[in-house]
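Asks: Each protein sequence line maps, in turn, to chains A and B.
Position one of the first sequence corresponds to residue 1 (my numbering), numbered consecutively onward.
Position one of the second sequence corresponds to residue 1 (my numbering), numbered consecutively onward.
Keep in mind that the hints were calculated from the coordinates and are not lab data.
Incorrect hints may appear among the rest.
[As the list claims (entries may be wrong)] Here are the computed distance ranges between Cβ atoms for each label pair:
{"no.": "1", "chain 1": "B", "residue 1": "G42", "chain 2": "A", "residue 2": "R63", "range": "22 to 32 Å"}
{"no.": "2", "chain 1": "A", "residue 1": "G97", "chain 2": "B", "residue 2": "I110", "range": "39 to 49 Å"}
{"no.": "3", "chain 1": "A", "residue 1": "R63", "chain 2": "B", "residue 2": "E67", "range": "35 to 45 Å"}
{"no.": "4", "chain 1": "A", "residue 1": "P39", "chain 2": "B", "residue 2": "N22", "range": "20 to 30 Å"}
{"no.": "5", "chain 1": "B", "residue 1": "H78", "chain 2": "A", "residue 2": "T20", "range": "34 to 44 Å"}
{"no.": "6", "chain 1": "B", "residue 1": "N2", "chain 2": "A", "residue 2": "T20", "range": "29 to 39 Å"}
{"no.": "7", "chain 1": "A", "residue 1": "N59", "chain 2": "B", "residue 2": "E17", "range": "35 to 45 Å"}
{"no.": "8", "chain 1": "B", "residue 1": "N2", "chain 2": "A", "residue 2": "L11", "range": "24 to 34 Å"}
{"no.": "9", "chain 1": "A", "residue 1": "L11", "chain 2": "B", "residue 2": "P8", "range": "32 to 42 Å"}
{"no.": "10", "chain 1": "A", "residue 1": "V100", "chain 2": "B", "residue 2": "H73", "range": "16 to 26 Å"}
Every residue gets a Cβ at the ideal spot worked out from N, C-alpha and C, and that includes glycine.
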Amino acid sequence: KAGVTQTPRYLIKTRGQQVTLSCSPISGHRSVSWYQQTPGQGLQFLFEYFSETQRNKGNFPGRFSGRQFSNSRSEMNVSTLELGDSALYLCASSLGGTSVQYFGAGTRLSVL
Amino acid sequence: KNEVEQSPQNLTAQEGEFITINCSYSVGISALHWLQQHPGGGIVSLFMLSSGKKKHGRLIATINIQEKHSSLHITASHPRDSAVYICAVRSGGFGNEKLTFGTGTRLTIIP
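Same shape as in the complex, but just chain B (with noise of 0.2 Å):
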């Protein structure tokens, strides 16, 4: 079983749906990421999370740390969110840390 696990792996939306995308990891963290990679590589770091809640435009990423569970919502989705969205978990002690990532979500939005 992998460490990070995303849910869906892909997802297809009409514009202005509303997108939940979920991250599940089973090891203790110090902070999770939420990146956006666009078709020819490019990574975006979009969130970094330790607890709680953040929000970006219209971009809300939340986590529960004692369910070990994070998820990225899009509100008002639209054809230019199309990308894959990886969560990343970072974990480890003091040179032992590693950034484990999960398999990423496909996301489509139809204009």
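So here's chain A without its partners, still in its complex pose (with noise of 0.2 Å):
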């Protein structure tokens, strides 16, 4: 059974560009949770999706912002990059609620 599946795995952009990061869960599971990592925060929760409803939100400017397809997998944007948004984005599926998460590799995004 593939796992999770984001892409790209690193990405570089300018301040004020926006970024789309990809997430394809594992076959059969229907939310999709994404978190950024950085060195100075930690783990945040960005955003839950089920089956293509966001459910859950963390506290994030609207510039953060998201969406999941029929198929379950997911994207999320950034607009108007800053500097401070250059992290590690994490998502992460599973069955729903409180099952277990298997989380991507990632992508590390650089915001220069």
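Starting from the two chains in their separate frames, assemble the complex, guided by the hints.
Replies: What follows is the structure, encoded as structure tokens:
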């Protein structure tokens, strides 16, 4: 069974640009969550999608958005990039609820 | 005060030692996760607990809901156990659920 796949693995952008990250969950998983990891703040919850609906959202500005498609694949978008958005972005999929989450390898975003 | 506190922040031990990592939280939770993160960023989910105790190989996780405390134990530690161990709690009601992470415990096992 294939694991959670995130693309791209690495990304370099400049301030003011926008970026879209992709996450393909494990087959059969309908829940996808996104997290940001930085050296200063550690891991923080961004948002969770289940069956194409955003169920929960963390404390991030509106520049951070996401969506989930009917095949459960999810995308995360960050607009008007800031230097502080440089981070490892992780997605995790699960069956939903309090099920175990399976993490992807992450996308490392550098904003210059 | 953080909602999730881990101790110790750093732990160095000799191969074969018994390891304990602690996690305390201050909110009501529906589940607690223990995660392992190796250099390079990959995260592996070790356990998901809502009560009692779970064991997988040399790893044991326990949770005390009344005391809002969980421990992760590693028996017969090995250098390949060297990683950052992260505790995360799931809290909130429907539509307001979130996963809050501890700052992690960096474990180094010396051969």
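Asks: Taking the hints in turn, state whether each one holds.
Replies: Going down the list of hints, with the structure as the test:
| no. | hint | verdict |
| --- | --- | --- |
| 1 | G42/B <-> R63/A: 22 to 32 Å | holds (27 Å) |
| 2 | G97/A <-> I110/B: 39 to 49 Å | holds (40 Å) |
| 3 | R63/A <-> E67/B: 35 to 45 Å | holds (40 Å) |
| 4 | P39/A <-> N22/B: 20 to 30 Å | holds (23 Å) |
| 5 | H78/B <-> T20/A: 34 to 44 Å | holds (40 Å) |
| 6 | N2/B <-> T20/A: 29 to 39 Å | holds (31 Å) |
| 7 | N59/A <-> E17/B: 35 to 45 Å | holds (39 Å) |
| 8 | N2/B <-> L11/A: 24 to 34 Å | holds (30 Å) |
| 9 | L11/A <-> P8/B: 32 to 42 Å | holds (34 Å) |
| 10 | V100/A <-> H73/B: 16 to 26 Å | holds (19 Å) |
Of the numbered hints listed earlier, not one is contradicted by the structure.
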